[in-house]
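J.: This is what each chain is made of:
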Amino acid sequence: MTSPPPMRLLQDQPLTGVRPQINASLKVVASIVLLIVSLSLAWAGEAVPTDQDPVRAQRAVRLAEQLRCLVCQNQTIADSNAPLAVDLRTQIREQITEGRTDGEIVQYMVQRYGDFVLYRPPFKATTALLWLGPALLLLIGAAVLARNLAVRRRRQAAAPLTDAESARARALLAGDGKKDRA
Amino acid sequence: MRYLVPLAVFVLLVALLAVGLTLNPREVPSPLIDRPAPAFNLPQLHKPDLAFSTKDMQGQVWLLNVWASWCAACRDEHPLLVELAKQRTVPVIGLNYKDQPDAGKAWLKQFGDPYVLSVADAAGRVGIDYGVYGVPETFVIDRQGVIRYKQIGPVTVRSLDEKILPLVRTLQKQ
Chain E
1125 MTSPPPMRLL QDQPLTGVRP QINASLKVVA SIVLLIVSLS LAWAGEAVPT DQDPVRAQRA
1185 VRLAEQLRCL VCQNQTIADS NAPLAVDLRT QIREQITEGR TDGEIVQYMV QRYGDFVLYR
1245 PPFKATTALL WLGPALLLLI GAAVLARNLA VRRRRQAAAP LTDAESARAR ALLAGDGKKD
1305 RA
Chain B
837 MRYLVPLAVF VLLVALLAVG LTLNPREVPS PLIDRPAPAF NLPQLHKPDL AFSTKDMQGQ
897 VWLLNVWASW CAACRDEHPL LVELAKQRTV PVIGLNYKDQ PDAGKAWLKQ FGDPYVLSVA
957 DAAGRVGIDY GVYGVPETFV IDRQGVIRYK QIGPVTVRSL DEKILPLVRT LQKQ
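In order, the protein sequences belong to chains E and B. Everything in the first sequence is counted per our numbering, starting at 1125 for the first residue and increasing by one. Everything in the second sequence is counted per our numbering, starting at 837 for the first residue and increasing by one.
The hints are simulated quantities; they were obtained by calculation from the structure and are not laboratory data. The hints are all genuine.
Here chain B is said to cover these stretches of chain E; the calculated rule only asks that three of the stretch's residues, wherever they fall, bring their Cβ under 8 Å from a Cβ of chain B:
hint, stretch
1, 1194 to 1205
2, 1209 to 1216
3, 1231 to 1238
Label-pair distances were calculated between CB atoms; the ranges are:
hint, chain 1, residue 1, chain 2, residue 2, range
4, E, Leu1254, B, Arg838, 29 to 35 Å
5, B, Lys945, E, Pro1258, 54 to 60 Å
6, E, Ala1266, B, Leu1003, 46 to 52 Å
7, B, Gly948, E, Phe1247, 47 to 53 Å
For each residue, glycine too, the CB sits at the ideal point set by N, CA and C.
All chains should be modelled from the sequences, with the hints used to inform the complete structure.
T.: Structural data, given as structure tokens:
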């Protein structure tokens, strides 16, 4: 166990004339570091491998984002770093280079891994409930709401106040209902 | 009636969740079942100069077992495969998936080699063709070269006795 460094170190430093000098040299060092960093960043920007044109790279990413990684199932192939996802990304890039269409590449994946690889499953008999379920629930909800509203309206219409009740209500509204409260 | 509807909804929900709990989301049904096994031609693990092709198994019922020396679950199923090989019921071909050949060979030396032969799928490309997404996986392939069953994850005594061996026997009679 090491004890935390003493915090008063900075305060203990004597205020001497050396400080401005330190500041000046620090600034020089800092600007050199900044210069190197920005230069290397600019360099890195140019050195990005461009074995493929940006349009194709974009296509590869878009495809990878539509496909589910089978190893870490809640990630796309684009997100995942599982070895299989890496391999499948390579497959996508290769097939784009070979001139295959997006549809063909997706088909390639579905043939091997099934509809499960698609984040947007196709509409078929087995997925009908998945696609229509939310709309169905909404319809059921709307029907229940409409029915409840209708029942309430009917109840209100069917039970108007008797004369005595409305007289009492009027008295209460006029602030004459103290004995009711007690 | 007033309590019946919420109760019914509750029971339905519990039933759905109970069913959901028994399902295994890790087991993705393979679209390759009842489809021709993807053909491949790969170098053999022990004799890299010699190739093995799926055509070599035409006319036989056989198992394709995907394994790797880096795969921990493979060690669980391995004794069962060794046992199966002793009984000579069905030939098992090993697909050494994304492995170092030397590591693979050493692994077989240590744990026993139940395979007629193993092929080296160093790049994992054949694995992709077979929709492999985890190791081990085992495919049952019939005389016509059609995939009839896929065991995802390690083979167990139960899956052997209840699924794989009965299926192999019926396929061998055909």
